[in-house]
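Go by the hints and put chains B, C and D with the ligands onto chain A.
Residue numbers (the numbering used here), protein chains in the order written: chain A, 1 to 366; chain B, 367 to 732; chain C, 733 to 1075; chain D, 1076 to 1418.
It is possible that some hints are incorrect.
Unchecked claim - One side of the interface only, derived from the structure: several residues of chain D facing chain A at Cβ under 7 Å:
(1) E1137
(2) Q1141
(3) D1145
(4) A1149
(5) A1151
(6) G1164
(7) I1213
(8) V1216
(9) H1375
(10) P1392
(11) P1393
(12) L1407
Calculated directly from the structure, the hints in this document are not laboratory data.
Please read these numbers as outputs of a predicted model, since none were measured by experiment.
By construction, the Cβ of each residue, glycine as well, lies at the ideal position given by its N, Cα and C atoms.
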Amino acid sequence: MTVLDTPAWRPRTDPAPLLPDAEPYRLLGTPDAARLDDAWLTTLYGQLVRGRRYNQQATALTKQGRLAVYPSSTGQEAAEVAAALALRPEDWLFPSYRDTLSVVARGVDPVEALTLLRGDWHTGYDPRAHRVAPLSTPLATQLPHAVGLAHAARLSGDAIAALAMVGDGGTSEGDFHEALNFAAVWQAPVVFLVQNNGFAISVPLAKQTAAPSIAHKAVGYGMPGRLVDGNDAAAVHEVLAAAVDRARGGGGPTLVEAVTYRIDAHTNADDATRYRDDAEVEAWRAHDPIALLERELTRRGRLDDELRREAADRAEEMAADLRRRMHAEPRLDPMDLFAHVLAEPTPQLREQRALLRAELEAERQS
Amino acid sequence: MTVLDTPAWRPRTDPAPLLPDAEPYRLLGTPDAARLDDAWLTTLYGQLVRGRRYNQQATALTKQGRLAVYPSSTGQEAAEVAAALALRPEDWLFPSYRDTLSVVARGVDPVEALTLLRGDWHTGYDPRAHRVAPLSTPLATQLPHAVGLAHAARLSGDAIAALAMVGDGGTSEGDFHEALNFAAVWQAPVVFLVQNNGFAISVPLAKQTAAPSIAHKAVGYGMPGRLVDGNDAAAVHEVLAAAVDRARGGGGPTLVEAVTYRIDAHTNADDATRYRDDAEVEAWRAHDPIALLERELTRRGRLDDELRREAADRAEEMAADLRRRMHAEPRLDPMDLFAHVLAEPTPQLREQRALLRAELEAERQS
Amino acid sequence: MTTATTTAGPARAATAKPVTMAQALNRALRDALAADPAVHVLGEDVGTLGGVFRVTDGLAKEFGDQRCTDTPLAEAGILGAAVGMAMYGLRPVVEMQFDAFAYPAFEQLVSHVARMRNRTRGALPLPITIRIPYGGGIGGVEHHSDSSEAYYMHTPGLHVLTPATVEDAYGMLRAAIASDDPVVFLEPKRLYWSKAAWPTGEPEPVPPIGRAVVRRPGRTATLVTYGPSLPVCLEAAEAAKEEGWDLGVVDLRSLVPFDEETVAAAVRGTGRAVVVHESSGFAGAGAEIAARITERCFHHLEAPVLRVAGFDIPYPPPMLERHHLPGVDRILDAVGRLQWEEG
Amino acid sequence: MTTATTTAGPARAATAKPVTMAQALNRALRDALAADPAVHVLGEDVGTLGGVFRVTDGLAKEFGDQRCTDTPLAEAGILGAAVGMAMYGLRPVVEMQFDAFAYPAFEQLVSHVARMRNRTRGALPLPITIRIPYGGGIGGVEHHSDSSEAYYMHTPGLHVLTPATVEDAYGMLRAAIASDDPVVFLEPKRLYWSKAAWPTGEPEPVPPIGRAVVRRPGRTATLVTYGPSLPVCLEAAEAAKEEGWDLGVVDLRSLVPFDEETVAAAVRGTGRAVVVHESSGFAGAGAEIAARITERCFHHLEAPVLRVAGFDIPYPPPMLERHHLPGVDRILDAVGRLQWEEG
Ligand SMILES: Cc1ncc(C[n+]2csc(CCOP(=O)(O)OP(=O)(O)O)c2C)c(N)n1
Ligand SMILES: Cc1ncc(C[n+]2csc(CCOP(=O)(O)OP(=O)(O)O)c2C)c(N)n1
Ligand SMILES: [Mg+2]
Ligand SMILES: [Mg+2]
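Chain A extracted, bound-state conformation:
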């Protein structure tokens, strides 16, 4: 009798189909792009232009003191937008802290999406109304939430999926591991999207992991890993949509690595020249997600001045509206500090609330 005959050892999953391809999947500029229809590419284009403008505007708002901080996703608009568009309304999005753009592309009010970074509250939108989890900074901690929610939906018989986003740095956290493992064991309808943008603040990928690719991590959980050009909006969308459909249909989780690049500094407060060369940034600019789309549209003879202007105008409208509304002072009520700590305040909280109320009263009178 060999160990193979014994009950505990069974090669349970064939690893081969779980392994990612050696090169990131691309569509734009390849013959396969022929199957994409013009309208779809035009839509993507408009979204990306709008996304880029949003990043620029938000960064400008930090300079004007209207945002505490902004982690820009300039250069990553393709993945940000594709993630949101890959979902149906009843699906859930679990963004990482950099993914304000995904949240906005999903339909959340651009101002409400900035509440955390503006600093008037922690979350500005109703997560249940939008099926978008709160933007929050502890890295990778949102991943088990996504698994739990997806699992709960499945237990409830609801055919929905959750898409959870994380950065390359975040994959080093224990929560990443635990979430992927739970997802695979439970066959939860969840898709993990890692945006590998080359850096975790100043730390380059080579100091973050020695894996052949982040997508290769999937096989260790028994789920498929997919590698995609993160700047190719059509490719990211296709891969994510397929994974989300598969999850929704009971096929289990997928890990998708989108290879991209963070063009701006980590946040407005960061000085990226301390840890990387401009040459690297310039190399990536040549592979800009908007430029990739423009080239495809040009090839098709669809990129005329009107389309450009139309996209730019709509982006500008959004930016103007954002500017205007962000320059207005947010509604602030210090008593809110006590409003939602617990359903019922403790006696201690009631006492503290009274203290603050008295202080505010005194302030008003002085």
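What follows is chains B, C and D with the ligands alone, placed relative to chain A:
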């Protein structure tokens, strides 16, 4: 320009050599066993018999109230012993809580190795003297320690390796992930040995992970994964020794999965009939590590009554000594509670120490 | 009132059947699962095995393994998944196998569980119950006897409950699961096997969260305690009679919210108080309790509120734990010092 | 004594160069790395970037990336690796990027770092320094302003230090790194940019761990505080003059060990004390301090020791944090209540 030309994307490691074989590596009973010399197999045999006896004796001691609890490694003696023997004296062993046997096989006094489970103190041996980390229960937490120590040794220019042990259940913890990732990024001289014994207390492997094998997790860190028949002492030893040598020589970490089975209940306090069939246990008994060795020795005409008796006698001597010494009351000094909390006790600790001293004095006088 | 058999509780009617605290907790879970399909139990070994303390015994069988689920071995993952489940409208009841094994979930607890309601202005309340067997006195090896209540008490956004009697174990666990807020539910390990007569018929109604109870009135001094130390305090109060002391005993039950009224009223009546718990004293629960009593009752106090707590040391090995745990003598010595301060 | 510029410190000799607390910490690390080859700095972004607060600026360049190492992004892994490094004889200095991001390492901290020496009867001391930028007042978004000192204070086996002045920042960090025991070294974020004149020549000698210091003597009442709240208390003491109050201010510096002697002596002199800190009050550091003062000074107290602390709420968003943080008015109100209690 494609994404492949851009600086951030490089397939850095070829995944193929990192992937484990489809079937666990075996030596005993295969033609390759021919290269093993008789003396070595005889040594292994003696160690395994001794190890089995140790497990039995320790379990008996729990019934006699001499141990608080004992997690037996009966059925896993091959991996327990091979792990210890794969190391040189200057290497370090990081056992998991079940690995008392490895600790003893490494040369720690069998009584001192039981201190934690006896309950007279937490660790009974000097870890530095034996280069054996303390036995401790928080699962997987010893793995980053092993990485840090191995890394420190390398920084210090010492050519040593660390071998860190963990169970199949422990691989689900975040610390497992973080440790393997650090090890690979740092190319630390550390080998991870997962004893996949089919269960984490009552939870079978299928509820623990959906991976093709635990060894497949290695590729996600960029280190080789090796799968070995954990009941084949010669095979486990060969795989571990090679991995340890590789690590020591600067070749980086390896993940080894030893497929085995926990024949006894989780601990003496556990009732395994609640979650598994006797039939499964019986199937594994047929693949017993000692029986595998005996068959190999028999094939070679080396297993005579004398060898059996010799091994049994030596094991019995060890057991008798263990029994005798464990039946003696351990030296206990309540004042030890304060002896090692900090190098210098705080004023608060001094006060509490005085309180206890006074109480003990009063007790003695009454 | 039902008290543990280790305490001097009133005898029950003959028809009542003795039940352990573990069984009462089991019944609470069963009743909660039956009453509300949103309730889900999850944790390590809670399914087929029924938990290492058998508190979830039979639940997977009765309600299926989707209602009572064995998870992979990863506490942050368990609690993190529970957050997601609660976001979807379920009421997860999570078991951490032992106190020290809840620490891997600390970030999820502090950074998310405790803050989600507040973060979202009430849009995402998290009705999660986190059951943690805690405390020593069971001969557990290292990491199996921690008392971690102070960590949780200091974390705004959580309720922290700990029953000391069989009856409370049932009622308070039902209340915890019924709460729309996260509750850290600390189960005193060494009282798991304490027994009490179980009321015939339906168990008593769910008590409100946040009410302490006077277990024993007294005139000389007040012992303020909770969980595993309640039986010890009741024993001390019995023994104190020999000294001519009439000690009152307050069982807090709810550490958050903290029932200042009940505690202050009891202490005002005696002018002297000793806070007793087994976790380390420094920056422990007793510090808050003593400071708060002092703030509220200063002019009624004849002596400073004293604390009898575990030492400020890592939890000792089994053979030495009795020297660490507050016992009757150490409590009475402290009461004696209160008397002395009077002079 | 060098004080932060936000406080009314004595002017320095003209030759002295003003230095920020961040720079003083940087110098302490540099001097420690130079003095002892066993010292290793590790953490997220501590190398090439020099840390998000620039406390490790230039160290990787000067000492190489093996002495000052950018790690993968995993706090438990960082601290766990530091444990192993210390087991091998190194003296790791770990940076946690922000307070709330130290929570993933909680299990390693509580279950191993704090216990290894005791577990092994002194065979494996762990000389690890864990630097944690903490506290609010810098307009940080959620999870960037936590005050977690109470968790660490309650964990036996750790030292917990927090400097409040530029000079202490240097000396205490050197002392922490020199300690053979693990030290949680809490750096008040909002004092990073506070400036003080730096002594010309060599920095002052390493102060012993565990000594509080009276920053200002006073006769009316004593403010007991530490870290980020020291400048606020000094300001309050200034403002109190208008009321005719002469407030003393004690800076604890070391939360563990706790310098009872210095605190008790100061409070005995005034008979009144207010403990001030910005972390949540409930079961916070102030509870221990108040309880301990009361135990030691009860018969000298004219009023209960009061606490002015952050509310028992999750740390507020930047635009509301000023309402949460103890400010001069809230401190003076508490002092006023002490007076009132006298009547
Ligand atoms: C648990 C935790 N540790 C540390 C941080 C501090 N931090 C914020 S962003 C960041 C880098 C994140 O890198 P990555 O995951 O690659 O995402 P990216 O910023 O590139 O989008 C770090 C270390 C954090 N937010 N959470
Ligand atoms: C962090 C942590 N969580 C939970 C436990 C409780 N526990 C002790 S052993 C065990 C199962 C371990 O299974 P595995 O890793 O497969 O090792 P084995 O017992 O099979 O040797 C569990 C859950 C623990 N010791 N540590
Ligand atoms: Mg990144
Ligand atoms: Mg196992």
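For each hint, the structure was consulted:
Against a cut-off of 7 Å between C-beta atoms, the interface hint on E1137 of chain D is violated, since the closest Cβ of chain A lies about 15 Å away. With 7 Å as the threshold, the beta carbon of Q1141 of chain D stays out of range of chain A, its nearest partner Cβ sitting at about 13 Å, so the hint is violated. Satisfaction of the interface hint for D1145 of chain D is found here, the shortest Cβ-Cβ separation to chain A being roughly 5 Å, below the 7 Å cut-off. Taken as an interface hint, A1149 of chain D checks out: its beta carbon lies about 4 Å from the nearest beta carbon of chain A, inside 7 Å.
With its C-beta approaching chain A no nearer than about 6 Å, A1151 of chain D sits inside the 7 Å limit, and its interface hint holds. Hint status for G1164 of chain D relative to chain A: violated, with the closest Cβ pair at about 25 Å, above 7 Å. Among the interface hints, the one on I1213 of chain D is violated; its C-beta lies about 9 Å from the nearest C-beta in chain A, farther than the 7 Å criterion. Interface hint status for V1216 of chain D: upheld, as the beta-carbon distance to the closest one in chain A is roughly 5 Å, under 7 Å.
The beta carbon of H1375 of chain D is not positioned within 7 Å of any beta carbon in chain A (closest approach about 27 Å), and the interface hint is therefore violated. Annotation: interface hint on P1392 of chain D holds; nearest CB of chain A at approximately 5 Å, less than 7 Å. A distance limit of 7 Å between C-beta atoms decides the matter here; for P1393 of chain D the minimum to chain A is near 3 Å, and the interface restraint holds. Among the interface hints, the one on L1407 of chain D is violated; its C-beta lies about 12 Å from the nearest C-beta in chain A, farther than the 7 Å criterion.
Comparing the model with each numbered hint stated earlier shows that hints 1, 2, 6, 7, 9 and 12 do not hold.
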